[in-house]
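Asker: Chains as they are written, first to last, in the numbering used here: chain A, 1 to 98; chain B, 1 to 423.
These aren't lab readings, by the way, just hints derived from the structure by calculation.
All C-beta atoms, glycine included, are put in the ideal place defined by N, C-alpha and C.
Hints may be right or wrong, so weigh each one.
[To be verified] Where chain A lies over chain B, by a calculated footprint (3+ residues, C-beta under 8 Å): (1) 328–341; (2) 400–407.
[To be verified] So the derived list for chain A, only partly shown, Cβ under 8 Å to chain B, looks like this: (3) 31; (4) 55; (5) 73.
[What the hints assert, rightly or not] Pair ranges (Cβ atoms, derived): (6) A/85 x B/241: 48 to 54 Å; (7) B/65 x A/56: 45 to 51 Å; (8) B/234 x A/83: 35 to 41 Å; (9) A/52 x B/54: 22 to 28 Å.
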Amino acid sequence: MRGILVTLGAIALACPAAAQASGPTGQAMAQNCYVCHGPAGRSAPPIPSIARMPADFLRGRMMEFKSGQLPSTVMARIAKGYSDEQIVAISDYLASLK
Amino acid sequence: MKTTRRAALKAGAALGLTSLALPSVARAASGSVVVIGAGFGGATAARYLKAASPSLEVTLVERETSILTCPFSNGVIAGYNTMADITRSLDGVRAAGVKVVKGEATAIDTAARSVRMADGTQLAYDRLVVSPGIDLNYEGLPGYSAAAAEILPHAWKAGPQTLLLRNQLEAMPDGGTFIVVAPANPFRCPPGPYERISLVASYFKAKKPKSKILVFDAKDAFSKQGLFQSAWESEFPGMVAWIAGKDGGKVEKVDAQAKTVTSGFGTEKGDVINVIPPQRAGAIAVAAGLTGDNGWCPVDPMTFASTKAQHVYVVGDSSIAGAMPKSGSSANAQAKVAAAAIIASLDGKPAPAPALFNICYSLVNPNYGISVADVYQATDKGIVPTPNAGGVSVAKPTSLNERALEALYAVSWYRNISADTWG
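One chain only, chain B, in its complex shape:
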């Protein structure tokens, strides 16, 4: 680890060198920033910090060698994409001058401003960005566990679980039942379960047309609901049954051995069962005391500074960001806000006003895309969508052929946000 100014100060204090000449002015926009997590939030923060202030020492901590994105992982599950399609290298982050440290952050001493790694090393920081994404809250669903997920995959973090669900769907006989268990709000990627249902339905339509999809939802409404349900009727008539929470859709327990799901609706057996469990902020955020009672991290909506610890910023899925959905696009925008706020803070200046935006494309099939987009305002009541703007794709496509265009734009969006995030 390179010696940062802060580390040097600490070392000086430890040696009793209190008469060591200290800088007489507040820190300039140099210093060290540690970023935990190299997903959409963390990698964007690291690259934008370094680009805006090249004298900053920026260290990005990531336990994986490369990133597997959740965007387009539903395409892998449905057989339209490969794991290579959703793998993002960290070479572009390194090329931007960011030091990438492979390993797991296990604790944060917010008073001493130091991150402890699993291997025992410590990373000192002037400012810290925490972007660990989600953790699955297995206790939130009786019968579900890490072991049960090997039989009833969640596939809600891209990786081996994505392939497990893909393999199960490939092995499922025509005429089988695919059950999806969808969680209550808030959770990562609000339209994600419904895009997954759509793409798997598209796969079934082509390869296993007698199959059914049964959706047990803890909610009574979901993202882009009108668009998805209209697409299910037009593209896959009779294949998808969605059961709202109020109609008995809230699942009370799952049984991995029996491959059943029990809800107010009764007990249903599935050939393949995808359980998307309740979620909470990533473990490091919980360990560092950055979470509130609901399991997510409260932040100042103007800067994404934690309200639980000084000099710490939380971006992405772990943060409570008002009306902004937990998405890669939100995380990317929030990271830029936090990066600008950190640089201003190190400069001793007030944070600039934030600009917040989100767009989520979903595919119904590879040629049928829909979107939701919003420009947000950070107010003293939190983050709210700009009135009379934003929202979802048109209900009835025009001669513009919106569904086909948005399917193309979804792929283009993925390439572009990837380049903006990882270089």
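Bound-form chain A, shown alone:
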């Protein structure tokens, strides 16, 4: 069994970046929001909470930050780092949290 595990480990280590066809999940990206917006999106103010918000609202806000329609300190810089599809995935995940 050890031999099999070692082999599996070697394959995992050798796995090239290009082999990962799909990008990060909504969950993985949303977890990066927590450094500023608090665990599971529940924030100690004044940074706003992003928990328990409808997905459409979150997506709309992010798209407005991205376009510059909604002024921000840092959110425009961050929103531009995600594709529209990734913003949908992040919003859907955050909205799904209980």
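Starting from the structure of chain A, add chain B where the hints point.
Answerer: Relative to the frame of chain A, chain B by itself:
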């Protein structure tokens, strides 16, 4: 120490019980993970591992009883914050079901998958996360040493050194010279020296307005440089002199007894001297052979798995993470990537695609904040910032009052990343 499946297997082998029935399938997402270091990287890894897979046995090794964070330690040095403000308890980590072991990891047997502790005990693991932060490379700066640091503090690990520098600045007479020696890249917290200069300047402006700050830098450029220099001119005119490496800023030696700094610029005497020396990965990473020639730990950018040893992951300041700065925020994000990769690996599944992000707030004074943020892509060329995104705060504030808002957000960020990291 509780008996893990791996420990049981080893015990069986040692007793010659080779006919012991072994599980016929690869390990499920249970098993044991040891995490070394309870800072931003290690505590996040431990809590996210346990949250994602409650059947995992997660052990967090930490030599201190509680954590003193470098974020906001510059506030302590400048007199705006207390040590209590930067102290984080490990109770929230324990409450998450993580076993916290107080002690120092001194060696790792990556073949036997075991961590040796200073007291001689061994911790067996299926997967290991190494997050020891930095060690100071005293040999990298002639004249500097652990003993010299008692006179010329580095204050680059929060703790007694933070208070030592604070006390020296408080005792310094008005009109004194504060010298800061800043290192070449890479080092922990790239904007940190310049936030420190700013906050100390803010303290001087209020209490010791005739004082000067002289900065000797090994570099020709630094993080958020335009924003910091513009703030120094507007908030503390004439107080801060920054000398780039190309202009003689690279320090050749320091003399603790004479309290001098020697560079191409000549020899300067300081009333208080803060020496931020070159750095390298934490000692345990070096001892375990996880470092490359440059003193830092190479990792697979997709998983933060060490390229030097199997079943070992390195996150935080010790790792080589491409364009990601060595910061608490980076460590937090990297720990989540490693936790997800470890769970997939124990499940026999491929690692999920990583999501990497960093944000660093800096304070110029308690009401003046600036930031840098980036969303990163892990590519076969390493970790790079997403093009046409990220970067630093606006050069010219608008009616939004960005500097005041970002100062408030810096405090809010600290509370939130602390809750995400330590519970």
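Asker: A separate judgement is required for each hint: does it hold in the structure or not?
Answerer: Now for the hints, and whether the structure bears them out:
{"no.": "1", "hint": "328–341", "result": "holds (count 6)"}
{"no.": "2", "hint": "400–407", "result": "holds (count 4)"}
{"no.": "3", "hint": "31", "result": "holds, 5 Å"}
{"no.": "4", "hint": "55", "result": "violated, 18 Å"}
{"no.": "5", "hint": "73", "result": "holds, 5 Å"}
{"no.": "6", "hint": "A/85 x B/241: 48 to 54 Å", "result": "holds, 49 Å"}
{"no.": "7", "hint": "B/65 x A/56: 45 to 51 Å", "result": "holds, 46 Å"}
{"no.": "8", "hint": "B/234 x A/83: 35 to 41 Å", "result": "holds, 38 Å"}
{"no.": "9", "hint": "A/52 x B/54: 22 to 28 Å", "result": "holds, 24 Å"}
Checked against the numbered hints above, the structure violates only hint 4.
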